[in-house]
Amino acid sequence: MLTNSTIENYISTIPPVPKVMKSCLSHLDAADMMQAANVVKEDKTFILFLSKIVNKPIFGFTKEIKDPHQIFGILGLDSAKQIIYGYYSLLIIPKKWEVFDFSNKKFQNLQSNLIVNWNKILDFLNIDDKDMRACITLLPAALIVCEMLFRDIKGTILLLRESKQTSFDELLFKMSGNTLFDVTSKIAKKWEFNKNIQDFITLISSNKLDKNSNMYRPIIFLRLLISYEMSKSYVIQSGLNDFFDFSLKFDENDILDFYSLIAK
Amino acid sequence: MKPVFKNSVALFYPSGFIDGENASVIITGLDEKEILAKKPEAIFVSLKKVVFFNKKGMAYLVDRMLFLKDKCAAFVGFCDYDKKKFHLIQELFSHDISFSLIQSEDILFWFCGTKKSEEKEIIIYAKDSEQKNQLAMALIERKHKVVISKDREDFEKTRKNYDFMVENSHIGSMEKKVSVFIKNNIIIYTLKSFIDSDFAKDFNTKYHRNAIKVGFRIFCFNAEDVSSINIHGANFLTKLSIDGAEDGVSIAICGLKSGKIAQILINDIEDAGIILYDNLISFFEDETNVHQANLEARKMLKKIKIDRKTISILPDVIDSTVHTVEALSDNSVEKRTVNIQELIHGDDAKYLISIMGIYGDMDCIFVLVMEENVAKEVCKILMSEDFTQEELKDAYSEFSNVIGSKVIQKLKSKHINIETTMPRIFDKISEVIKLENGHIGVQVNFKIQKQDMILFLSK
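Read top to bottom, the protein sequences are chains R and H.
Under my numbering, the residues of the first sequence are numbered 89 to 352, in order.
Under my numbering, the residues of the second sequence are numbered 19 to 477, in order.
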């Protein structure tokens with residue numbers, strides 16, 4: 089059985105963010121791309137991650153890009169920050185996925201798709217909030233959380249889901265009172281993300297979303313984006329479909345706006 | 019995406035978006051194989067968690083469902099949608115729909131499966147009068163009381179007077195085949211078309227035998243939709259009745275009218291102890307059937323001792339049970355004693371008991387006894403917060419099924435192929451002891467939160 093203390097124990101095992109990343113982010117915050125690239129230049133794992141992500145077809149670059157100066161230059165400040173946050177997930181990613189038939193390659197595909205599509209959405213909604221833009225790559229950490237928390241009771245959970253059609257998120261909530269995004273928000277806190285980002289992540293699965301809040305539309309579109317990405321065939325085949333069950337009904341116009349924006 | 023099988027209905031639950039990119043992984047070739055092997059009465063895709071669909075995605079799913087319908091004559095379509103989605107699907111397919119649309123999963127089970135609503139009246143509305151009749155006929159066939167609304171205005175005005183209503187639905191084609199369902203602890207076999215030597219050959223005798231083993235006493239063959247029964251079909255039914263008599267099994271047949279069967283065969287059937295009823299309603303009106311099905315325990319003449327083969331699976335059964343209980347209760351389970359003996363229990367605490375038949379490479383009975391408080395703890399994830407006793411029993415049945423599935427998986431990895439029957443749930447241990455009738459098996463006593471849990475495996 090999963091309890092709140094299981095989650096707290098899990099959070100306590102999560103390593104802090106490496107100093108080099110913190111330093112890189114502070115340079116990006118000061119709009120000093122050159123220094124930011126210099127800082128990460130010596131971190132070979134990070135350079136490999138960076139080039140793997142930006143050379144995905146969804147970014148649309150025709151030539152392979154390897155040098156961090158070049159990568160940061162092409163991406164711009166905001167996208168560079170997004171990708172650095174995405175790198176945080178590598179700190180907790182399992183070597184081998186056991187609950188889901190997933191892989192680190194698929195995980196990075198998901199991260200890339202989220203970055204590109206989320207940027208399209210924010211542009212469409214005319215939202216220029218750096219925090220909101222930056223936190224998107226942290227969201228797939230919810231998948232890792234799910235993989236790690238359910239690992240010990242995998243067999244039971246999969247059979248329960250078969251008989252009840254309950255989403256993983258709902259199962260976690262019933263067992264511990266936390267949604268997967270609540271746990272992701274706790275990780276964001278540990279990694280010293282600011283309060284706005286922590287609150288934004290919690291709102292994703294909240295059913296107390298205020299229609300008049302300026303967070304309403306971005307959250308709705310983000311839920312649609314998560315639903316959309318989780319419906320991709322490689323995700324369904326991995327057993328991750330039906331990961332969340334957003335109880336809120338979507339407005340038909342929002343759905344059409346979203347689909348024409350993303351699936352074109 | 020694996021389909022979920024509920025009372026002879028295969029259901030797919032996709033979520034999010036359905037389009038040309040992902041439709042082929044919703045119903046895969048592997049899923050089709052499984053469906054063709056299990057031959058369900060209906061195959062439906064639930065749109066409950068679907069946010070958006072386009073024509074390409076839906077057309078693919080329809081194509082696969084119609085293929086399956088051709089192969090196993092199942093009732094196919096979509097369920098769980100709102101009014102907008104209903105009209106959208108009709109428009110997508112230019113109102114030329116060869117599959118069915120049923121507005122919710124609950125209502126789907128009025129058309130197939132085991133939904134109990136004989137006592138309720140259902141009001142129907144459909145714009146198209148042919149559809150109105152189709153829906154009504156399909157429900158009447160299932161013994162529901164149906165009222166058809168004249169028009170939308172009439173429907174809106176009178177719907178509040180009825181317990182249930184059907185609207186925004188469409189019937190494609192309802193060619194159903196033989197199905198099995200359980201009501202009030204009675205197994206009902208629904209028969210269709212011809213009852214002949216093919217029926218005898220295809221009848222799942224293993225399922226029937228194991229259902230007897232786990233304590234089902236009354237079996238009803240609903241022959242209301244049968245065209246005719248010949249001598250081979252009649253002989254098979256009489257043999258089934260005579261064989262079952264030793265275990266105190268009663269067989270009834272409903273709707274056996276003289277046009278369907280020769281009088282001499284009816285006499286043979288009656289001589290074999292089979293009771294005949296005009297229809298299923300009159301069968302259930304006979305209170306002795308329900309009473310017997312729920313109280314009568316099997317009177318086994320032969321006492322079969324547990325053998326080494328059965329004992330060899332005990333570690334896997336224990337492991338699957340303990341792991342599931344610990345995972346769902348957050349309490350450790352302590353094994354106290356293991357003995358070869360009759361099923362016994364310590365005190366008069368309130369219990370929930372499930373009995374499952376295991377069959378295939380080996381035949382045995384698996385009994386799981388839990389004090390009610392522990393059962394509530396392990397089942398809480400399967401129930402709403404303010405659950406009723408009936409919900410608790412259903413949840414305990416699902417929980418037992420999860421353990422059964424785990425045992426199947428574990429043994430499969432050791433190349434032992436078994437199947438399990440549906441669990442029969444009791445809340446009086448004395449009934450189960452009566453049912454076991456002094457059988458010697460292996461009993462393992464556990465303690466969880468100072469309360470009793472008993473696992474009993476017998477032949």
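Derived from the structure by calculation, the hints contain no laboratory data.
Any given hint could turn out to be false.
[Said to hold, decoys possible] With a Cα cut of at most 27 Å, we get these calculated DSSO-like pairs of lysine-lysine:
| no. | chain 1 | residue 1 | chain 2 | residue 2 |
| --- | --- | --- | --- | --- |
| 1 | H | 411 | R | 194 |
| 2 | R | 140 | R | 107 |
| 3 | R | 242 | H | 411 |
| 4 | H | 51 | R | 242 |
| 5 | H | 66 | R | 242 |
Everything numeric in this text was worked out from a predicted model, so none of it was measured.
Problem set entry | Satisfaction of hint between residue 411 of chain H and residue 242 of chain R, Cα-Cα up to 27 Å | Status holds; Cα separation ~25 Å.
Problem set entry | Pair hint residue 66 of chain H and residue 242 of chain R, alpha-carbon separation not exceeding 27 Å | The given pair, whose Cα atoms are some 25 Å apart, holds under the 27 Å limit.
For this session: Compare the distance between the alpha carbons of residue 140 of chain R and residue 107 of chain R with 27 Å, and conclude whether the hinted pair is satisfied.
Result: 22 Å, holds
Problem set entry | Holds or violated: residue 51 of chain H to residue 242 of chain R, with C-alpha atoms at most 27 Å apart | 26 Å, holds
Exercise. Taken at face value, is the distance from the CA of residue 194 of chain R to the CA of residue 411 of chain H at most 27 Å?
Worked result: This hinted pair is violated, its Cα atoms lying about 42 Å apart.
Checked against the numbered hints given earlier, the structure breaks only hint 1 and satisfies all the rest.
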